[in-house]
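Asker: Residue numbers (my numbering), protein chains in the order written: chain U, 1 to 396; chain A, 1 to 91.
A few of these clues could be false.
Dumping the calculated SDA-like pairs for lysine to any residue here, alpha-carbon to alpha-carbon at most 25 Å [to be verified]: (1) Lys10(A) <-> Ser249(U); (2) Lys233(U) <-> Pro6(A); (3) Lys10(A) <-> Arg195(U); (4) Lys23(A) <-> Ala212(U); (5) Lys10(A) <-> Leu339(U); (6) Lys10(A) <-> Thr362(U).
Distance ranges between label pairs, derived from CB positions [unchecked claim]: (7) Thr203(U) <-> Gly82(A): 30 to 40 Å; (8) Ser188(U) <-> Asp65(A): 44 to 54 Å; (9) Lys50(U) <-> Pro16(A): 26 to 36 Å.
Just so you know, these hints were derived from the structure itself, not from any lab.
Here the structure is a predicted model, which is why all the values come from computation and not from measurement.
Heads up, the beta-carbon is just placed ideally off N, CA and C, and yes, glycines get one too.
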Amino acid sequence: MGKKVALTGNHAIAYAVKYAKPQVIAAYPITPQTPIVEKLSEMVESGELKATMIRVESEHSALAACFGAAIAGARTFTATSSQGLLYMHEVVHWVSRARAPMVMAIVSRTINAPWNIWPDHSDFVDQRDAGWIMAYAMDTQEAFDLTLQAFKISEDPAVYLPVMVGIEGFVLGHTTMPVELPDEDLVSSWLGERRQPYVIDGTEPLGVGSLAFPEDTEDMFYGIQEAMENAKKVIREVDAEYAKITGRSYGGLTSCYFCDNAKYIAVSMGAWSGDLIESAAKLRDEGYPVGVLRIRFYRPFPIEDAWKYVSTAKGVLVFDRAISFGAWGPIYTDLVAGLSQYTTKMPVIANVVAGIAGVDVTYEDFYVIVKEFIDKVETGELNRGRFEWRRIRRKR
Amino acid sequence: MRVENPMSWKLPLSRPAKGAAGKTGLWRALKPVVDLNKCTKCYQCEIFCPAMSIVVEPERGAIVDYEYCKGCGICSDVCPTGAIQMVPERE
Numbered sequence: 001m002g003k004k005v006a007l008t009g010n011h012a013i014a015y016a017v018k019y020a021k022p023q024v025i026a027a028y029p030i031t032p033q034t035p036i037v038e039k040l041s042e043m044v045e046s047g048e049l050k051a052t053m054i055r056v057e058s059e060h061s062a063l064a065a066c067f068g069a070a071i072a073g074a075r076t077f078t079a080t081s082s083q084g085l086l087y088m089h090e091v092v093h094w095v096s097r098a099r100a101p102m103v104m105a106i107v108s109r110t111i112n113a114p115w116n117i118w119p120d121h122s123d124f125v126d127q128r129d130a131g132w133i134m135a136y137a138m139d140t141q142e143a144f145d146l147t148l149q150a151f152k153i154s155e156d157p158a159v160y161l162p163v164m165v166g167i168e169g170f171v172l173g174h175t176t177m178p179v180e181l182p183d184e185d186l187v188s189s190w191l192g193e194r195r196q197p198y199v200i201d202g203t204e205p206l207g208v209g210s211l212a213f214p215e216d217t218e219d220m221f222y223g224i225q226e227a228m229e230n231a232k233k234v235i236r237e238v239d240a241e242y243a244k245i246t247g248r249s250y251g252g253l254t255s256c257y258f259c260d261n262a263k264y265i266a267v268s269m270g271a272w273s274g275d276l277i278e279s280a281a282k283l284r285d286e287g288y289p290v291g292v293l294r295i296r297f298y299r300p301f302p303i304e305d306a307w308k309y310v311s312t313a314k315g316v317l318v319f320d321r322a323i324s325f326g327a328w329g330p331i332y333t334d335l336v337a338g339l340s341q342y343t344t345k346m347p348v349i350a351n352v353v354a355g356i357a358g359v360d361v362t363y364e365d366f367y368v369i370v371k372e373f374i375d376k377v378e379t380g381e382l383n384r385g386r387f388e389w390r391r392i393r394r395k396r
Numbered sequence: 001m002r003v004e005n006p007m008s009w010k011l012p013l014s015r016p017a018k019g020a021a022g023k024t025g026l027w028r029a030l031k032p033v034v035d036l037n038k039c040t041k042c043y044q045c046e047i048f049c050p051a052m053s054i055v056v057e058p059e060r061g062a063i064v065d066y067e068y069c070k071g072c073g074i075c076s077d078v079c080p081t082g083a084i085q086m087v088p089e090r091e
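In isolation and in its complexed conformation, chain U is listed as follows (with noise of 0.2 Å):
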């Protein structure tokens, strides 16, 4: 059975892959990512990974590289963080339009200028539109979690599309908790043996991503599409098997808090959630009925989840932590779009973008705003959607 160990968000998802049994993996050092690799170096040294491990001269070629092996018909895992993952923006769409199924960590840090290391989402839904599936986890168990479920729906061939799985630098890299690691064998052996679409093996020659025609090009991209659709039955597939073996259910692609008989909903993804539903636990002590919705998957969009608790709500309030400069945040763009395909009675839906470049927002914050939130929408004093950048500040 499984056994109980203290490890950092970062070190969690290393054993993850272990778990996983990669036969390659390339990477390039950035803070926060960097012990994700460090750990998984020093696995493959002592022999207790039988692994590749490539030592490439950037993030470019770290993902390039882990691209070949893929489709040679390796397993393959990178991770890398902001900067470092804008570097190897250009490699992360040939993974995921050349179909090649991969896992790649991002552990969550502020894009410069100006330098700065702390943690807000803005690197991981910048690769929004890659056609990578993307998951963010909320605590270090689901970061492990997580990573080994992505390599299952990765390589499902209803799905065939890499997965990205993000976690906050520091407040989840950096920080210990305990993590339950199921056992090894039993895992591996539901992960089960590698799967992609094609596998280039030498025994002739072959051009991947050469020139296509525009008819042919957009048939291949509408299949990624398609298997966006697909992935939402395989993510609550998976979910429910790891289950089984793990004991642990996440909900597939949104977890939910205190939703039933909810008349309000706070919409958020990653590690802040935590605090999030520390103070909806206090607002429903307080008799406010307040539910979290909590994005699991960011990329398929799990708008069918969102429509399900949001459909009998009278407010919902978007956190997001990132912004779309000129626009919003990502998550509420998203979501609104996709309930106005679902009703013409759109419930009260604002967006309050927080935490950017590491602010810290405490329980408290998300407490105050939550109730400002629906004490507004009660008095009538909100009764349409509204953007706001809260920009919370303490004495240091």
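Add chain A to chain U, keeping to what the hints say.
Answerer: Same frame as chain U, but now just chain A:
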């Protein structure tokens, strides 16, 4: 290649076809001419030719496929004995 594609996705794969762009020898301005007496059959030209247009035959030496050779001159550069000279295609 091994394929496992039950959803029948259209994939960005292609098999190379010889001369898909036509007989590229027509593009050539300079022509490699091999002095087979100097050729030591070291295979450098065959390895470096980007168009797979030189084959070193064990008995004869480096043989150029003039239908596809574009005349880039790399073979001439890498030849250690100076056996390959680039000659203008038309005087």
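Asker: Output the numbers, in ascending order, of every earlier hint that fails for this structure.
Answerer: Of the numbered hints given earlier, those the structure breaks are 1, 5, 6, listed in rising order.
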